[in-house]
Structures are given as structure tokens and as C-alpha cells.
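Undergrad: Each chain is listed here by its residues.
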Amino acid sequence: MDTQQDILTMPHEQLEALQLEGVKKTVVACYENVAFYRESFDAAGFDPYAVESLDDLSKAPFVTKQDLRDNYPFGMFAVPRSEVKEIHMSSGTTGVATVGGYTDHDLRIWGDCFARGIRFAQGGVDDVCHICYGYGLFTGGLGAHYGSLAAGCTTIPISAGNTERQIRVLREMGSTILCCTPSYAMHIADTAIEMGIDPATEFSLRAGIHGAEPFSNNFRADLERKLNYKVLDVYGLTETMGPGVAIECWEQDGLHLAEDHFFAEIIDPETGERVPDGEWGELVLTSIDREASPVVRYRTRDITRFLPGTCKCGRTHKRIDRLHGRTDDMLIVRGVNVFPSQIEDVMKTFEEASSWYQLELTTKGSLDVVTLKVEVNPGFDFDQMSAIQNLQRQIKAALKTALSVGVEVKVVEPKSIPRSEGKAKRIIDLREGAN
Amino acid sequence: MIEQLTVFLENTEGRLSALCRSLADAGIDMSALTIAEVADYGVVRIICSDPERAVDVLDEKGFRAMDTRVLAIEVPNKPGGLADLLETLGKLGVNIEYGYCFSIDSNRAVDVLKVSDPQAAAKAVQDAGYKLFTLDELV
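Heads up: the sequence lines are chains A and B, in that order.
Residue 325 in my numbering sits at position 325 of the first sequence; the count goes up by one each step and never skips.
Plus 1000 on top of the position in the second sequence (first one is 1) and you've got my numbering.
One thing to keep in mind: the hints can contain errors.
[Unchecked claim] Straight-line distance between alpha carbons at most 25 Å, and here's what the computed BS3-like set of lysine-lysine pairs gives:
#1 B:Lys1061 <-> A:Lys373
#2 A:Lys230 <-> A:Lys348
#3 B:Lys1123 <-> A:Lys415
#4 A:Lys410 <-> B:Lys1078
#5 B:Lys1061 <-> A:Lys425
Source of the hints: derived by calculation from the structure; they are not laboratory data.
The model shown is predicted, which means the values in this text are computed figures rather than measured ones.
For reference, chain B alone in the conformation it holds in the complex (with noise of 0.2 Å):
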């Protein structure tokens, strides 16, 4: 399990940019970024370094700021490797509330999943075989 970084944010001009520059000037890195929106407002879901302590900037400068416990599971980098997982986790019973992926070299990709019992998807995932990335292995 590894600690998401999550920010509300009302969706107007320059916000997003203005987020991206607090990170940077805390000297916070970033491995991936996502968006959910709707029309008033944004989600945005980062996995970077120092997660608590980027909470701890952003609420310094304004902006709602928490942290989430996700799983990122290592797939293999080709056709088929997130559709395996899911079937997996679908004859696991787990369930899903949000997720996006990226891949970090030609063979390994990365399945961030949000599930509501995080602990318990956890081990079944492992016991399934599949390994869990730690956030050092990612930023």
C-alpha cells in the first residue's frame, strides 16, 4: 500500500498550475498525475515523494489537501496485463472505486486502485500472486 496524494480543487483558471508550483518549490516529485472533474470542480490524484509532507505544504498555501491509502500492483507491460488483474480481482470480490495506471519501463507497469478495504485487497492480491510496488520503488 502506498500513500496518494489528493487535492480538491474548484476549477478555475491557473489552479492546477499553481499547485504544481507549490510541489515544486517544496521540492516534491512527482510519478504520476490524474484528474477527475466534474463541471465546478476537480479531484486530482498525484503519487509523489514525502505525500504527508506535501499535505502539510499545500494546506500552508491554501488548497485542501489529504492523503489516501492505494495499492499499486506491478503488471506486466503488455496486452492483457491490466484485464488479468481485473479478472483476478473481480473472482477475488474486490471491489474497485477508482484507479489509473502507468507503466515505468518496457516490461513493468503500474495499476493504482483505490478499493474500499485496502488491508484485505492487500493480501488477497499478494496471495494471488501479484507484487506490490512500496512508494520508494516509484518516485
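Bound conformation, chain A alone (with noise of 0.2 Å):
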């Protein structure tokens, strides 16, 4: 089996020069083959001929998720639709959906890209690959089930929802590599275990490949120690291909990307310059194999940055850092700009307080009311009303202090955050005027 041991350990320079290569390519692909981005590219009077380094595709003009979505369904497809393979598409929650189109190669890369998880885990035809990412349109299910065939290992495409199911799987067929959002794994431990069955002797879990939405290391280490097993973060979007874009190796520390397939940028969100390596910034992708779906300069709207230095692992792929929140996940409260990882990043100081919380905003008058429910751990003595009274008071100064916004901080019973089988919900809106 070809672990692309090669590719992944490849010098710097000559990953640039195959990227250069690539980018070159897809630039004019794009200018040939898209009407959207012939306009573009002669708008902005970027020439797609005359790229001679990877500076000079700083020239050319971003794309973004609203270009994707004006040219619904075919208007982005660099190839005749009888080339395209398949087809997947963004949930669409907020506007009309973006599509992806892939042809047979952009279908292996996909499943290479994604198997570098699973070979980050030493993992190959000794595993059996348990996916619960939701198959279908999304790109969890299939791009991992790809990733999965690509590795070589058996593959079960279990999909979401019946976690008791995925639990008599998980234990009857000896999964070793779980593959689904990082808050369904912690679903499927905690309903394991009011089942009365312990995951962490009961099932075989060597690793688990999880991304789709953030988590925090406190809930890694939390689904560390229930699963008994390690956790990879995942990065991907439909956009530019689905999970496999990035991902994290053994080392956990920060994500490779798969630089032989994607050009990495990150900009100033504000100014749209590339920013120094090391600084906070926003993803910008540009394609460099992909045929059916390609894409030039892609904001993906995901606050991340380079890592410096090289990975211990020894692979010269770059590293980002774990997502930081989105750009326009940004909360506007009371005119101040509010990420939900800051709230995150607030919550994991407190021992005491769950990992399950949710933020509701809601309106009073016309002031923005923001209230945090959290559900607190099993140990917290709260016999005495002051006690809940104090953390209330401390979650309460911290978010004060973190977010420059009043907060009300409230402590609920347990269970009464919702447990979703996808995403966690972390904010509920319900402003005059959202959404």
C-alpha cells in the first residue's frame, strides 16, 4: 500500500515548486473553463498567463462562499458536467447551498487526503474504520468512507444517529478508528455509559478522526479518557473538497495540511494581505489538482495560523493551528464583536462547569440580553446556595473580563443543554431581528 511517505516528507522547496506547478495550472484552468472567474480575474486585472511564483497569486482576486452560491448549481465546474462524479453540497442553513463537483481523480485524492489520518495512526488493513459522520450530501460520511477504503481498512458505514446501535457495533465488531463529529463521540461515550457499559475497557477504540465543528483540548482529553483512545482533529470543508484538507498526526500538534493538494494563505480578514507566519489570521485556499470544482484564493471564512518550526513527526507539510473560531461565527452584542471560542476558551478554566453550556441571546427593550446556561460536573458540592451563587458570580466576571459584555450566567440542571447527533449548538439567537 502506498503511504505517501514520499510526498509527506518531501523538502519544503520542492513541495513549493510541485505547488507552483499546480497553482499555475489551475489558474488558467479556471480562466478557460469559468465565466465567473474569466470576470473576475479581468476585473481585477490579474493575469492568469504571467503567475511565475506564489507571490504572484496574491494578485489575483479572493473567491468567496457568496460567489460559490450566485452560481449554483453547475456555474463554478471547471469541466463538462459528464466528467463529474459526484456531487456534494453544504448544508445550506444559512442561503441557498454551494456545491461541490468531483471527477474519479478528485474522488482519490479526497480519500488520499483524508487516509493521511488514519496513516497518522499508524492505521492500514489491521483496522476496522467506524464511521458515524452522516453519509449523504455532507462530506463527513463519504469523505471519510473514502479515506477509510483508501487506507485499506474495513470499513463500517454506519452513518449517524441510533447510538445504540453504534455502541453494540462499536463493541461487537472491535472498531478501532471511530470517525464522526467530536460531539457525537462524546454522545456515544456518555450514553455507553448510563447503558452501564464502560467504552474505555468494553470498546477497542485506538483512534478517533473527529473535526466538522471546534472542541476544546479540555473536551479531547474528556473523550481521551472516556474512549480511551486519541484524538485527531480534522479540518475540511465542501468548498474546496470536504475533510482531509489538514489534519492532525500523532503528535497533536497542530494540523498538516496537504500542501501537495492546496495552497494555503492566511490574511488579514480586514485588509485581505497575507499575514507573517505565526499570526492569527484568516484560511484563504487555492486548488492545485483539483479538476471538477477548483478554486483560486478561497476565504473560508476559519480563523486559523501557521505554526512555526517543523513538526516532530518529521513530515515538512505545514502546520496550522486548531480553528479558531470563524469569521463569521462573530457575535455582534451590544456592538462589540464576540467568538464563541473566546466563551470557550472562558469555560475550560472552570473545573466545576461542564462541558455542556449554551449561550442564548435574546432582546430586552432594545438592549441584547445574553444569558449562559451550563450544566455543572458531578463532583461540584452545591449544597450550600452560596456555592452556586459563587461560580455564577466567577463564570460571570471572567466572561465580563474576556468579552467586554455582561453576561448572565445561569447553572441548569443536567441534561438540559440538548445532546445533538451532529453539531453542538452552542448559541441560540433568538434576537429581534436574527437570523
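Using the hints, put the two chains back together into the complex; each one sits in its own frame.
TA: Encoded structure:
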């Protein structure tokens, strides 16, 4: 089996030469085959035939999610429809869906990219890979599926839902690799424990490849303890491929970008200029060898940074830091910008508070009211009324310091924050005029 | 010293009744129940049979429950019974966090007190001539 070790440990200059070749092909293919790019390059005065270095790419205009939506359904395809073998779509909960098309080649590189996560976990033919991302138009299920097949695992395409059955299969089939959202992994662990099954000893998991939503290091530690395995964070988005754009290796020290398939930039979301390595900004991706739905400078809205230095694992592909929120997840509360990741950072400092919390935004008169509901951990001594009041007061003060916004804090009963089988819902915006 | 069952409840309709039904279904017998509340939530304190099992039962039903050590002190069921005890505790320097009382017959009442150092306080009140109830004597 090809482990792609040569590509993953290639000297970076060589990788950059490969990236330049790919980027040159991509910009030309986009210009010649996609009306949108022809217009936007011409309008920006960007000559796709004159790219001589990766720096030259910064003269190209950005493409946004809205541009992809505007060209729904097939307007962004760079190949004839007949060469497109599979379609995926983003959920479209915030507007018209965005569509990704895949040729046979595109599906193969997608599988290779996701398979890297499995290989980072030393996975292969000896592994049983349990995939409970949702299958369908969402890229999670099939992306993991192609990755599992590419890595040579025995693949269980169980999809999401029916948690008790998931638990039976995990136990009875001895699955070693679990692919799903981190919140669903937690839901599986907690449900198993409620059923009287100890997943740490009765499951055979070695690794979890979890993504599609942000999770804190505390949440990861909790998962790793409950399921007795190692969690690798996977990043990806439908607009550029799906999961596998970047994946953590066994060092758990940043996500290795698939630099042989994507050229990444990190920009200041306000100015659009590249920021120096190590600084936080918005991730921008350009396809290197995508055929059906290539992108040139796609603004992901995801906030991350390049990690300086090389990884202990010896692979040369650049690492991005774990995502620090999204530019469009930003809430504006009483005129103040609030990132959900800031709330997460505060909450993980409170031992008494569980990882189940939710922020509710409402309107009172003309003012925004923010209420944080949180479930406390079992060990918390709440026998005295003042214990709960003190905890609420301390969280409130810490949030005020971190966010510069006043937040009401309410301790709530266990299980009163909804457990989802997909993404954890951290924010409920009930403000007048919201959404 | 006895174990008291303490339960956190949100101030929403039907929670107290669900709590009591869960305990009833598990065959837990209550001798006393008191509620301390603020606007959004309450803390329910219960003297009952088998408090440890009660915690497990409630955990399973999705309540946040714990057991807490308290003193259950016998006082004469007559005017001044509690006042005498509190004066004695005051002299002994025992600090009370909260408490509640109920009578068990025409001669005797029980003062349940949560104190900061229950071990030391138990010894001090017994040395002062008071009798402490065991849980078996109350349920």
C-alpha cells in the first residue's frame, strides 16, 4: 500500500515547486473554463498566464462562499458535467447551498487526503474504521469513507444516529478507528456509560478522527479518557473538497495541511493582506490539482495561523493551528464583537462547569441580553446556596473580562442543554431581527 | 452524623414533583424535606432512607444530587428547646451554615444542622450532653 511517505516528507522547496506548477494550471483552467473566474480575473487585472511565483498569486482576487452560491448549481465547474462523478453540497442552512463536483481523480485525492489521518494513526489493513459522520450530501460521511478505503481499513459505513446500535457495533465488531464529529463521539461515550457499558475497556478504539466543529483541549481530554483512544482533529470544507484538507498527526501539535493538493495563505480578514507566519488570520485556499471544482483564493472564514517550526513527526507539510473560530461566527452583542472560541476559552478554566453550556441571546427593550446556561460536573458541591451563586458570579466576572460584555450565568440541571447527534449548538440567537 | 440528600432543581414546573415521584418509585422513604430557593433555582434537602442509593437513582433520572453530612440533634419538644441548643453551640464556637427542625413525637424534636466541621461539632455537642440521632432512628 502506498503510504505517501515520500510526498509527506518531501523537502519544502520541492513541495513549493510542485505547488507552483499546480497553481499555474489551476488559474489557467479556471480562467478558460469558468465564466465567473474569467470575469473576476479580468476585473482585477490579474493575468493567469503570468504567474511566475507563489507570491504572484496574491494578485488574484478572492472567491467567497457567496460567489459559489451565486453560481449554483454547476456554474463553478471547470470540466464538462459528464466528467463530474459525484456531487456534494453544504448544508445551506444560512442560504442557498454551495455545490462541489468531483471527477474520478478528485475523489481519489480526497480519499488520499483523509487516509493520511488514518496513516498518521498507524492505521491500515488491521483496522476497523467506524464512520458515523452523516452520509449523503454532507462531505463528512463519504470523505471519511473514501479515506478508510484508501487506507485499506475494513469500513463500517454506519452513518449518524441510532446511538445504541452504534454502541453495539463498536463493541461487537471491535472498531479501532472512529470517525465522527467530536460532540457525537462524546454522545456515544456518555450513552454507553448510561447503558452500563464502559467504553474505555469494552470498546477497542485506538484513534478518533473528529472534525466539522471546533472542540477544546479539555473536551478532547474528556473524550480520550472516556473512550481510551487518541483524538486527531481533521479540517476540511465542502467548498474546497471536504474533510482532509488538514489533519493532526500523532503529535497532536497542529494540523498538517495537504500541501500537495492545496496552497494556503493566511490573511488579515479586514485588509486581505497576507500576515506573517505565526499570526492569526483567515485561511485562504487555492486548489493545486482539483479538476471539477477548483478554487482560486477561496476565503474559508476560518481563523487559524501557520505554526512556526517543523513537526516532531518529521513530515514537512506546514501545520495550521487548531481553528480559533470563524469570521462569520462572530456575534455582535451590544456592538461588541464576540467569538464563540473566547467563551470556550473562559469555560474551560472552570473545573466545576461541564463542557455542556449554551449561550442564549434575547432582546429586552432595545438591548441585547446574553444568558449562559451551564451544567455543572458531578463532583461540584452545591449543598450551600452560596456555592452555586459564587460559581455563577465567578463565571460572569471571567466572561466580562474576556468579552467586555455582561453575561447572565445560570446553572441548569443535567441534560437540559440539548445533546445533538451532529454539531453542538452553542449559540441560540433569539434576538428580534436575528437570522 | 447523618447523610442528607441534597438535590439541585431548576425553578421550572413539575421538577419537584418529578423528584418526589422518582424517589417514591425507588421505594425511598422521606422523613423531612425543605427547599431553599432563589429566583431561578432551588436546593432541596431531604432526610430519607438510603441516601446513597437515592443519589444513584436521581443521577440516572437526570437530576444533580449529592449527599451531605449533617448533625441531627435531639432536643426536648418544648418552648426553648432550640434556643438552648443554639446558645450552647454559640458558646462552643460552632458555626451553623443552615438548619431546619421537625418534631418526631410530643416529647422530642430534631434539629438538623449543617456545620463547617461536623466531626468536631458532633463531639462538642455530645460532650455538652446532647444526643445525636442516627439515620435509622429517623426513617
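Undergrad: All hints, please: hold or fail.
TA: Hint check:
For the given pair, B:Lys1061 sits about 20 Å from A:Lys373 by alpha-carbon distance, which is consistent with the 25 Å threshold. Under the criterion of a C-alpha separation no larger than 25 Å, the hint pairing A:Lys230 with A:Lys348 is consistent with the structure, at around 20 Å. In summary, the hint linking B:Lys1123 to A:Lys415 is not supported, as the alpha carbons are separated by about 41 Å, beyond the 25 Å threshold. Between A:Lys410 and B:Lys1078 the CA atoms are separated by roughly 42 Å; this puts the pair beyond 25 Å, and the hint is violated.
For the hint linking B:Lys1061 to A:Lys425, the alpha-carbon distance of about 23 Å falls within 25 Å, and the restraint holds.
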